[in-house]
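Given only the sequences and the hints, what does the whole structure look like? Please build it.
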Amino acid sequence: MPRKKTSGLKLKEPVRIRFKELNDGTKSIYLDIYRDGKRQYEFLKLYLLPGNNPNIKNRNAETLAAAEAIKSKRVLEMTNGKAGLPNTGLRSKMLLLDWMKEFHASQIRKGVRGQKVLISSIGALKQYAPKARMKDVTKEFCLGFIDFLRNDYQTRLGPALTPYGMIAYFGFLRTALNAAVREQVISENPINRIPLSDRIKKPESTRVYLTIDEVKMMIDTDCKKEIVKMAFLFSCYCGLRLSDVTNLKWKDLSKDGDQWRVCIVMRKTSNPLYLPLSNQALKWLPERGEAKDEDNVFNGMPTESNTVKFMKDWAKKAGIAKNVNFHTSRHTFATMLLTLGADIYTVSKLLGHTNVKTTQIYAKIVNKKKDDAVCLVDSIFD
42 MPRKKTSGLK
52 LKEPVRIRFK
62 ELNDGTKSIY
72 LDIYRDGKRQ
82 YEFLKLYLLP
92 GNNPNIKNRN
102 AETLAAAEAI
112 KSKRVLEMTN
122 GKAGLPNTGL
132 RSKMLLLDWM
142 KEFHASQIRK
152 GVRGQKVLIS
162 SIGALKQYAP
172 KARMKDVTKE
182 FCLGFIDFLR
192 NDYQTRLGPA
202 LTPYGMIAYF
212 GFLRTALNAA
222 VREQVISENP
232 INRIPLSDRI
242 KKPESTRVYL
252 TIDEVKMMID
262 TDCKKEIVKM
272 AFLFSCYCGL
282 RLSDVTNLKW
292 KDLSKDGDQW
302 RVCIVMRKTS
312 NPLYLPLSNQ
322 ALKWLPERGE
332 AKDEDNVFNG
342 MPTESNTVKF
352 MKDWAKKAGI
362 AKNVNFHTSR
372 HTFATMLLTL
382 GADIYTVSKL
392 LGHTNVKTTQ
402 IYAKIVNKKK
412 DDAVCLVDSI
422 FD
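Numbering (the working numbering), first residue to last: 42 to 423.
No lab work stands behind these hints: they were computed from the structure.
Watch out, some of these pointers could steer you wrong.
Only pairs whose alpha carbons sit at most 20 Å apart, straight line, appear in this in silico EDC-like list of lysine to aspartate or glutamate [stated by the list, open to error]:
{"id": "1", "residue 1": "K265", "residue 2": "E345"}
{"id": "2", "residue 1": "K98", "residue 2": "D297"}
{"id": "3", "residue 1": "K79", "residue 2": "E103"}
{"id": "4", "residue 1": "K151", "residue 2": "E345"}
{"id": "5", "residue 1": "K167", "residue 2": "D193"}
{"id": "6", "residue 1": "K142", "residue 2": "D177"}
{"id": "7", "residue 1": "K114", "residue 2": "E229"}
{"id": "8", "residue 1": "K292", "residue 2": "E328"}
{"id": "9", "residue 1": "K134", "residue 2": "E224"}
{"id": "10", "residue 1": "K292", "residue 2": "E345"}
{"id": "11", "residue 1": "K266", "residue 2": "D139"}
{"id": "12", "residue 1": "K358", "residue 2": "D254"}
{"id": "13", "residue 1": "K172", "residue 2": "D139"}
{"id": "14", "residue 1": "K98", "residue 2": "E62"}
Label pairs and their computed distance ranges (CB to CB) [as the list claims (entries may be wrong)]:
{"id": "15", "residue 1": "R240", "residue 2": "G341", "range": "39 to 47 Å"}
{"id": "16", "residue 1": "T252", "residue 2": "M135", "range": "50 to 58 Å"}
{"id": "17", "residue 1": "N288", "residue 2": "G330", "range": "13 to 21 Å"}
{"id": "18", "residue 1": "L184", "residue 2": "G341", "range": "41 to 49 Å"}
Even glycine gets a Cβ: it sits at the ideal position worked out from N, Cα and C.
Listed below in structure tokens is the structure:
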């Protein structure tokens, strides 16, 4: 009996891993998803680092494994008919307030901070929609909650919420809905479909930074915890956040010719950062001694709350009246570079900002300093 011929057609893979090369040589990983005749892309915020040394190869292998795991999950969701479907599961009929209480209990077990704000946000949802079920939480529902927080909600003591309060309340709702997606209570978080222009915006905040003279004052003053002083001044010359400095490993430092660099994935944004280090930054690195590649560079850093205390005492002792914390070093690095003539695009890349607009607040500070300098002439001749 002759073998039946196959059509020769190859089934199209519904989810594929793709790569987009960025200007700095890294490759952003995204999923190319083909469903119901339509194509969509999901950027994973995972990156392959350029280079061939063993550390980078190992990191890239782990990153690819994570991407493959997400791809497998998306394929499974599509197979089960869950991807993109409305919230029709059995648990989607539970009350939103019941889910928020369940989420609150899980946060307590994990020791997550901000429990008072979470309780208050649950109270706001109780006022807004006490009988809403998880399946009712749509994009329109969330937009309505934003409008409620802006115009109708009042705190227990009477006054309306501050913009930061609104951001905190809405942020907890978003985090709780993300958790609901992970637990398959709902299929998607509708907040992710709300344009940034329609969300609650953070007011422009004041950036506390140190002048060059104030940095010198900090250098000349002893700190009760020497490792805090070294880490802070290191960050003043490179702009790393406290989380990145605390977790910086010796393997993250490499030398390219005469130039030392830091190669890390930033903890806050999960974006890769390749940062050249100046000689001033290198001065504040501890001696490596017998430390291994996996050891922390700034070994012995205290907890974040204790770091705040050491910083306040140190700044006060140095005679600086500003509210100095560790993040002040990042602001100092940015304003110092712009003041010395670096262009805003370069500073943005050094800070690891994904959008240069985030860096523009520092340009405003520098412009204000220029205005004040010009006005000094008027004060002399008036």
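Hints and how they fare:
1. Using a Cα cut-off of 20 Å, the hinted pair K265 and E345 holds, with the two alpha carbons roughly 15 Å apart.
2. Taking the CA atoms of K98 and D297, the gap is near 17 Å; set against the 20 Å cutoff, the hint holds.
3. For the hint linking K79 to E103, the alpha-carbon distance of about 30 Å lies beyond 20 Å, and the restraint is violated.
4. Between K151 and E345, the direct Cα distance comes to roughly 18 Å. Compliance with the 20 Å bound is thereby established for this hinted pair.
5. Our distance criterion of 20 Å between C-alpha atoms is met by K167 and D193, whose separation comes to about 13 Å.
6. Pair hint K142 plus D177 holds up; C-alpha atoms about 17 Å apart against a cutoff of 20 Å.
7. Distance hint between K114 and E229 is fulfilled; the C-alpha atoms sit about 14 Å from each other, no more than 20 Å.
8. Straight-line distance between C-alpha atoms of K292 and E328 comes to about 14 Å, which keeps the hinted pair within the 20 Å bound.
9. Taking the CA atoms of K134 and E224, the gap is about 14 Å. The hint holds against a cut of 20 Å.
10. For the hint pairing K292 with E345, the CA-to-CA distance comes to about 23 Å; that exceeds 20 Å, so the pair is violated.
11. A C-alpha spacing of about 46 Å is found between K266 and D139, which places the hinted pair above 20 Å, so the restraint is violated.
12. Pair hint K358 plus D254 holds up; C-alpha atoms about 15 Å apart against a cutoff of 20 Å.
13. A hinted pair counts as satisfied when its Cα atoms are at most 20 Å apart, and K172 with D139 qualifies at roughly 10 Å.
14. Restraint check: the Cα-Cα separation between K98 and E62 comes to about 17 Å, which is no more than 20 Å; the hinted pair holds.
15. Against the hinted window of 39 to 47 Å, the Cβ-Cβ separation of R240 and G341 comes to about 40 Å, which satisfies the hint.
16. Taking the beta carbon of each, T252 and M135 are about 55 Å apart, inside 50 to 58 Å as hinted.
17. Distance hint check for N288 and G330: the Cβ-Cβ separation is about 19 Å, which falls inside the suggested range of 13 to 21 Å.
18. The hint said 41 to 49 Å for the Cβ distance between L184 and G341, and at roughly 48 Å that hint holds.
Of the numbered hints given earlier, the model fails hints 3, 10, 11; all others are met.
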